[in-house]
Amino acid sequence: MTDEQPILSVRRVRKSFGGVHAVEEVSFDAAPAAITGLIGPNGAGKSTVINIISGSLQPSGGSVIFAGHQEMLGLPPHRRSRLGLVRTFQRSGEFGGLTVLENLLVAGTDPKEISLRSALIMRRRWRRDEGGLLDRAAEMLAGFGMLDKANDLAANLSGGQKRLLELGRALMLTPKVLLLDEPFAGVSPVIAHQIEILLKRLAAEGLAILLVEHQLDVIGRLCAQVVMMAQGRVLSTGTMEELRGDPEVVDAYLAG
Amino acid sequence: MSSAAQFYLTNILVFFGVDLIAVWGLNLQFGVTGIVNFAFIVLQSAGAYTAALLTLGPSSGNGGFQHYFGGTRLPFPLPLIAAGFVGAILSALLAILTRRRLRGDYAAMVLLVVSLMATTIVQNQSGFLNGSAGLSLVPAPFQSIMNLTLVGYAWFYVGLTAVLCLIALAVVRAISNSPLGRAMRASRDNEESAAAIGLDVSRARMTAYVVGGALAGVSGALLVQYIGTWAPGAWLYPETFVYFAAVIVGGRGNVLGVAIGSLLVNIAIVEVTRYLPQFGPAGFIDAMQWVVIGLLIMAFLWLRPRGIVPERARQYDLARRPGAGRAASRESADREAEAP
Numbered sequence: 001m002t003d004e005q006p007i008l009s010v011r012r013v014r015k016s017f018g019g020v021h022a023v024e025e026v027s028f029d030a031a032p033a034a035i036t037g038l039i040g041p042n043g044a045g046k047s048t049v050i051n052i053i054s055g056s057l058q059p060s061g062g063s064v065i066f067a068g069h070q071e072m073l074g075l076p077p078h079r080r081s082r083l084g085l086v087r088t089f090q091r092s093g094e095f096g097g098l099t100v101l102e103n104l105l106v107a108g109t110d111p112k113e114i115s116l117r118s119a120l121i122m123r124r125r126w127r128r129d130e131g132g133l134l135d136r137a138a139e140m141l142a143g144f145g146m147l148d149k150a151n152d153l154a155a156n157l158s159g160g161q162k163r164l165l166e167l168g169r170a171l172m173l174t175p176k177v178l179l180l181d182e183p184f185a186g187v188s189p190v191i192a193h194q195i196e197i198l199l200k201r202l203a204a205e206g207l208a209i210l211l212v213e214h215q216l217d218v219i220g221r222l223c224a225q226v227v228m229m230a231q232g233r234v235l236s237t238g239t240m241e242e243l244r245g246d247p248e249v250v251d252a253y254l255a256g
Numbered sequence: 001m002s003s004a005a006q007f008y009l010t011n012i013l014v015f016f017g018v019d020l021i022a023v024w025g026l027n028l029q030f031g032v033t034g035i036v037n038f039a040f041i042v043l044q045s046a047g048a049y050t051a052a053l054l055t056l057g058p059s060s061g062n063g064g065f066q067h068y069f070g071g072t073r074l075p076f077p078l079p080l081i082a083a084g085f086v087g088a089i090l091s092a093l094l095a096i097l098t099r100r101r102l103r104g105d106y107a108a109m110v111l112l113v114v115s116l117m118a119t120t121i122v123q124n125q126s127g128f129l130n131g132s133a134g135l136s137l138v139p140a141p142f143q144s145i146m147n148l149t150l151v152g153y154a155w156f157y158v159g160l161t162a163v164l165c166l167i168a169l170a171v172v173r174a175i176s177n178s179p180l181g182r183a184m185r186a187s188r189d190n191e192e193s194a195a196a197i198g199l200d201v202s203r204a205r206m207t208a209y210v211v212g213g214a215l216a217g218v219s220g221a222l223l224v225q226y227i228g229t230w231a232p233g234a235w236l237y238p239e240t241f242v243y244f245a246a247v248i249v250g251g252r253g254n255v256l257g258v259a260i261g262s263l264l265v266n267i268a269i270v271e272v273t274r275y276l277p278q279f280g281p282a283g284f285i286d287a288m289q290w291v292v293i294g295l296l297i298m299a300f301l302w303l304r305p306r307g308i309v310p311e312r313a314r315q316y317d318l319a320r321r322p323g324a325g326r327a328a329s330r331e332s333a334d335r336e337a338e339a340p
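So the sequences go chain by chain: A and B.
Each residue of the first sequence is one higher than the last, beginning at 1 in my numbering.
Each residue of the second sequence is one higher than the last, beginning at 1 in my numbering.
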């Protein structure tokens, strides 16, 4: 555990679908400048928790506190993203009809400039701001080694490149917390390595990352703190080493 | 050119202008934002009825042979502007109707039902908009004071139509190229991701509904003030699919493409078949028009789903951006740090 104040606190979150309890009384924290792992067998409720934190699912109870004091529940997903609580999806969610560059620009644009007024009357302002956005986007793409793809349609990227793009798109919002739902799924080893380096750097720069992942070796390399879920509950919390020694955890993984 | 030929040409030009404005409105909704608005023709019709009611004068006029509510006589261009507003407001109501948990296919079905209901209501409420007979003798702007020949006035109306087309073009182009247009396309391609990066999807869609509805309303007003009559037969639900065909054939999301699509589908198919010798049972050729439009939609969705002129993304030259070089050096530093 770090001494720092958590930037994201999930408290006693519950969710039931009909009579089925998908998530029961889940509580954990995510600290800034660290990667917190969220692991567990299929059906443990990891994605449900991510969906509740990001706002695409309403929980049956509990609370999600962001940045020390702000209650997130009740805010629509796009408002949470603008505050700096940004997620990516398990299935890649690129905007296929936009170019790679436009995917980044649309995420970085000041929401105030996305309006009819801005489109029809205040053209000079958004054109001016676009210069800075293009610089940031170019820097991002160069970092991914994708500068030559900038003007290609995002639909034509490889699976791994789509993952990178989605990460880059999330970063264009300069998030405080990043929720990553299996960012390594279906990614080539080269790009997986690239993503690992990127996540380490982002954490070192101060970002809080909540990482859902089932490859435990990756979790072990990246996460100081790991939350283990099974059957909708938090089973155990600690370092990956501690969890590996916990017979209950081993049992749940094998049984799950 | 004989005046008959001129009259024919001016008619086609005005109809094409009306269709262009409507198709650009639908393209903003369907092509750019991905809204399947199967009630689109109702919006055009609402504009037409609005302009008619605001130019016809009271229902007792013309010997009182037609019955409608709230007739009055406003000078041009007020009826046209009002038609745009009515189209926009009605369209906003459609947006609210389909806002929650009614997206995609379900929204399309609801909107289709709205279109059917609107026709039925107007046909059966005879005191509302004169029922199935519709409104006629709608005066054309300035015709009574301009003292032009029929053909001369038709050319004047072509000019008026052209001006409105240019305004519509300026609006749809400004939106397409702006951050708003980009947000609309993002919402179309992946709604969940759009919300995840902070885009207010509902608001982007509402804007597309409203602007598209305004354009539809204006197109209806422009048409009714030229042809002077409007009845439920002119806006049955299949008319919506003709506009959809124009957008799909021309190229969803491409302003030039849908204009070409409109020229092909709205003008060419109808005008060419007009000169085919009549054969088969009565009404055979009219029916074949629908078959051809249906086949066109299917053929394009199968073989060329992006249309004749596909949507073109804006290209940027990034090579000289300062950011590009900076990150490349940091990336190589990362690699070195990783090296054993």
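The hints are simulated quantities; they were obtained by calculation from the structure and are not laboratory data.
Given the structure is predicted, the values throughout are model-derived calculations rather than measurements.
A few of these clues could be false.
[What the hints assert, rightly or not] Below, a sample of chain B positions facing chain A; criterion: calculated Cβ distance under 7 Å: (1) I145; (2) T149; (3) V163; (4) S178; (5) G198; (6) R312; (7) Q315; (8) R321.
[Said to hold, decoys possible] Listed next, the stretches of chain A that the computed footprint assigns to chain B, with coverage defined by at least 3 CB atoms under 8 Å from CB atoms of chain B: (9) 19-31; (10) 114-127; (11) 143-152.
[Stated by the list, open to error] The following residues of chain B were derived to be distant from chain A, with all beta-carbon distances above 10 Å: (12) A174; (13) A195; (14) I308.
Backbone N, C-alpha and C define an ideal beta-carbon position, used for all residues, glycine too.
Is the claim that I308 of chain B lies outside the interface with chain A correct, judged by CB distances over 10 Å?
17 Å, holds
Chain B covers the segment 19-31 of chain A, three or more CB atoms within 8 Å, holds or violated
Since 0 is below three, the answer is violated.
Against chain A, run the beta carbon of R321 of chain B and see if the smallest gap drops under 7 Å.
At 4 Å from the nearest chain A Cβ, R321 of chain B passes the 7 Å test, so the hint holds.
Is the hint on T149 of chain B kept, meaning its closest Cβ partner in chain A is under 7 Å away?
39 Å, violated
Answer holds if the nearest beta-carbon of chain A is closer than 7 Å to that of Q315 of chain B; otherwise answer violated.
5 Å, holds
Under 7 Å is the threshold here; is the Cβ of V163 of chain B close enough to any Cβ of chain A for the hint to stand?
18 Å, violated
Was the hint right that S178 of chain B lines chain A, CB cutoff 7 Å?
For S178 of chain B, the interface hint holds, since the closest Cβ of chain A sits about 4 Å away, which is under 7 Å.
Please verify that the nearest CB of chain A lies beyond 10 Å from A174 of chain B's CB.
5 Å, violated
Against chain A, is G198 of chain B within 7 Å by beta-carbon distance?
4 Å, holds
How does the segment 143-152 of chain A fare against chain B when you require at least three residues with a CB closer than 8 Å, holds or violated?
holds (count 5)
Claimed coverage, the segment 114-127 of chain A by chain B - three or more beta carbons nearer than 8 Å
holds (count 8)
Holds or violated: the hint that I145 of chain B contacts chain A, with Cβ atoms closer than 7 Å.
Where the cut-off is 7 Å and the nearest Cβ of chain A is about 33 Å from I145 of chain B, the hint is violated.
Against the hints set out earlier in the document, violations occur for numbers 1, 2, 3, 6, 9, 12, 13.
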